[in-house]
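Peer 1: Chains as they are written, first to last, in this note's numbering: chain A, 1 to 173; chain B, 1001 to 1305.
Treat the hints loosely; a few may be bogus.
Only part of the chain B face toward chain A is listed, based on derived beta-carbon distances under 8 Å [claimed, not checked]: (1) Leu1002; (2) Leu1003; (3) Leu1007; (4) Thr1015; (5) Ile1029; (6) Phe1030; (7) Leu1033; (8) Asp1041; (9) Thr1044; (10) Met1193; (11) Gln1200; (12) Asp1202; (13) Val1203; (14) Met1236; (15) Gln1238.
What follows is a set of in silico ranges between Cβ atoms, one per label pair, in the way DEER data are often shown [what the hints assert, rightly or not]: (16) B/Ala1050 x A/Leu9: 38 to 46 Å; (17) B/Arg1059 x A/Ala150: 52 to 60 Å; (18) A/Leu9 x B/Leu1067: 25 to 33 Å; (19) A/Leu151 x B/Asp1072: 48 to 56 Å; (20) A/Ala132 x B/Val1012: 29 to 37 Å; (21) B/Val1065 x A/Leu98: 46 to 54 Å; (22) A/Pro124 x B/Ala1062: 26 to 34 Å.
No lab work stands behind these hints, which were simulated from the structure alone. Quick caveat: nothing in here was measured; it's all calculated off a predicted structure. Ideal Cβ placement from N, Cα and C applies to all residues, glycine included.
Chain residues, written in single-letter form:
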Amino acid sequence: MLRPVLRFLLTLAAAVALQVVGMRITPGFVRWVDPFLAITIYVSLAVPGPPALVAGSATGLARDVLSGAAYGLHGFANTAVAYVAARLQMRLVVQDPLRSALLFALCAAVQQVILALLIFFTQPQMAVPRAADALALTLTTALLGGGAVALVARIRRWREETQAARRKRLRLE
Amino acid sequence: MLLAVLLLGQLVLLTTRPSAEGSRLEAMIFGALAPIVRATDGGTDALAGAFARSHDLARVRAENVALRAALDAANGELVRLEGIDEELRSLARIAGAVRRENETAFSIADVVYLDPRSRLRTLMLHTSAATPSINQPVRTPEGLIGRVVRTAGRYAKVQLITDPASSVSAMVERSRRQGLVGGVERADGAALMLDLVPNQADVRIGDRVVTGGLDGIFPRGIPIGRVIAIAPGPDMFQRIEVTPYVDYGQLDQVYVLEARSIPERLRDDDAGYAEAGALPARSADAAAVGDADNDASDPDAAPGP
């Protein structure tokens, strides 16, 4: 129980670091890349259910703290995305990175729509995300998600192979 | 159920901000994230600094290479210039323009003005090394030019030896016969006359005439000119015409020699001898000119030595 939470917190810290570095590179980073969203979707796909919803809320609030946007904006959107991703995970069997990337893109598009609606109805002083920015963010989220899925799959395969080789050696002895 | 609670909570945060709860939660999350942000920012700064330092190091290395190349080129140029300097010294020695043991120091001066109205009898110099003074001899590698008769700062006015008012102790180099060289008026240009040389003295056409060193102004041995005509004079002295070695129309740079004035007391003694008739008439004139030039109020009006 503790290990997944710790892993999630470390991933969240990595997302914070990535956002800070990205902002140092270009101020437009937050409009085009959302590592918190990618984490939300990934956790929701990996651990569907209440943990996914909590993770979505946490990443969304962290994003709101860092971005200075209306507090709860990304929290609400990411919680909703976590729910959608968890539902999709329960209905679909997605294992290859390409389809995972499509799923990430779909969830990112959902988040952008939710954000636009939230801003439109609750934050009239804020500007609705531009379509180009939303498209860019969808693409980068898909890339991040697909890359993460592929990387984790490779690591798992390598670990399994290593363990299998170890077991083989033990049997020979 | 959880989804509804979370979404409702988020909506409350979103719509009621800034509430005390919202601020507290925000402060808590911010406090948790701040160290990460700070550490990342510091790491980014360190990375950027390291990159900038490596970039600077590369630039300094490139600059060092360029400076070394420039230094090598400058050293090569220095060697070349030293060679030229040595060559110039050799040429100067050949031209006799160096300081000899019995000759005084000199400085180089530029000829800045030639007065055509006075038939090139005077010229103006500008020295860059030292301030000129009255009676300093002026010469070129070819021969004698004249002496300084007026100064103004680093400028000097020179009375040429071709001036009829000028008189220079001279001698025929081959026979060492002493005389006085002065300028004469001629329609075809500057000319010199060697005077006070007895009729029986050994003088030939083509003889080289140099300074005699007896007038207290010009050092001995400076070339003056060449004998071109000899005729017996009405008195006991020959009329010897000398053409100067120096082409006064082509003067560019000259050498201003250090003055070797005869001490005032000795010069007064000379004047006393002259008044007593112990010296020839022209030598007495030379002594008188020395006094007049020391005044330097109007050198053009001063009689020649």
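Peer 1: Which hints from the list above does the structure break, by number from lowest to highest?
Peer 2: Numbers 10, 11, 12, 13, 14, 15, 16, 17, 18, 22, in rising order.
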